[in-house]
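> Top to bottom, those sequences are chains H and A. The working numbering applies: residue 1 is where the first sequence begins, and numbers increase by one. The working numbering applies: residue 1 is where the second sequence begins, and numbers increase by one.
Just so you know, not all the hints are guaranteed correct.
If several chains are the same, the list does not tell them apart, and a pair holds so long as it fits within one copy or across any two.
[Said to hold, decoys possible] Distance condition first, Cα-Cα at most 20 Å in a straight line; then the derived DMTMM-like pairs of lysine to aspartate or glutamate:
{"hint": "1", "residue 1": "113", "residue 2": "103"}
{"hint": "2", "residue 1": "207", "residue 2": "173"}
{"hint": "3", "residue 1": "163", "residue 2": "12"}
{"hint": "4", "residue 1": "155", "residue 2": "143"}
Think of the hints as simulated: they come from the structure by calculation, not from any bench.
There are 2 protein chains.
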Amino acid sequence: MQITSEQIEQLETRYRANLINSLGGFKSVVLIGTNSATGNTNLAIFNSLFHLGANPPLCGFIVRPDVSPRHTMQNILETKYFTVNHINEGIYENAHQTAARYDASISEFDEAKLTRQFIEGFSAPFVEESYLKFGCEFQQKIDIEINGTSMIIAKIVSIEYPKEALMEDGYIDLEIAGSLAGNGLDGYHRTEEVGRLTYAKPNTWPKKFSLVTNSPEEE
Amino acid sequence: MQITSEQIEQLETRYRANLINSLGGFKSVVLIGTNSATGNTNLAIFNSLFHLGANPPLCGFIVRPDVSPRHTMQNILETKYFTVNHINEGIYENAHQTAARYDASISEFDEAKLTRQFIEGFSAPFVEESYLKFGCEFQQKIDIEINGTSMIIAKIVSIEYPKEALMEDGYIDLEIAGSLAGNGLDGYHRTEEVGRLTYAKPNTWPKKFSLVTNSPEEE
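Chain H extracted, bound-state conformation:
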């Protein structure tokens, strides 16, 4: 089945939002925790987090001017630090609820029934119920004029992880960490590993890794 450019333009707003959001594929769904300049905690769900580089360790995400989590950007610009907290099956409803349009004076931690966690040496609030989370330091905001969004770029400065999820080669098994994958604006999925594959080289074919030994399986 095919949908053309003309048809896309004529779609009803909400239908188009569902459709186009689904096309990006499975994505990370995370909670971003911040402090306002006056010390109020804020928490908002984002599904546009992406890896930008490992050295220096950088990530990015997109902020929309027209939706609720705009408090997040303001807080980051004012206080420079934020947390990224992966969502697990025990808190996905709570995480979703942070998308409601609360006033800036109301903390989504309270409204979504999640627990603030403060880790020594880091000012922004983590989510205690999250298993895999990291602290970030703001680096740059890039405005994307074509649709009025902004990209926030940050350096990863502290990582909290469940011991059993970290493999000996640095890979974190997100399934063991309990992280969910997002679908569109409102779908949440658990996962089941198909395989890890060996480094791709010309004239060979990828093989599955064994997660136990971290070495290529005999086949």
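Go by the hints and put chain A onto chain H.
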């Protein structure tokens, strides 16, 4: 368990790449198909695709200067059009293989044993074995100076989808479409739906949608 900023900096390169790539959470893994100016087809796997906006329908992805898929960016800048093809369990090894560093004159379609598909009215090659795929028109390149990467922004101009995966509200169920989720640089996961949740509003609590009726379930 905790890893500090100082520890991150001292990690061995490959270990750090695995670790930082995992932190972004589950992500889409897609094949991007292009033509070179001289008509050679190119195909490369990317895991940084993100949703940028629904109106106009926009997506973005990150191109790294130091890895193989740089042919992709050159082709997009020269020919303006590209395809994004979701990866399913039947072709995830083939998709992974496109990451090998082939010479620009060699087509990854051949080396990774995937089939070029040309759809009327669109110049760039799709992947026939992909179930969910879309055609894009280049809009803008934004250079990210902090680490020498670039962001490509494109408009979605044509969508090919399996009929049974499109819900009546425009949501595409990626699980029904067979799309996989990525973990780090080399992990591939199938998914199992936990739930779709109703639109978040203050003073209510999200409920699960029924995928059959697309209406909130009675609870």
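> Does each hint hold? Answer for all of them.
Hints, one by one, checked against the model:
For the homomeric pair residue 113 and residue 103, the shortest alpha-carbon distance inside one copy (16 Å) is at most 20 Å, but the shortest distance between copies (54 Å) is not. Taking identical chains as interchangeable, the C-alpha atoms of residue 207 and residue 173 lie at most 20 Å apart only when both belong to the same chain, with a minimum of 18 Å there against 29 Å between chains. With identical chains, the CA atoms of residue 163 and residue 12 are at most 20 Å apart between copies only, with a shortest distance of 19 Å across copies and 46 Å within one. In this assembly of identical chains, the alpha carbons of residue 155 and residue 143 lie at most 20 Å apart whether taken from the same copy (18 Å) or from different copies (17 Å).
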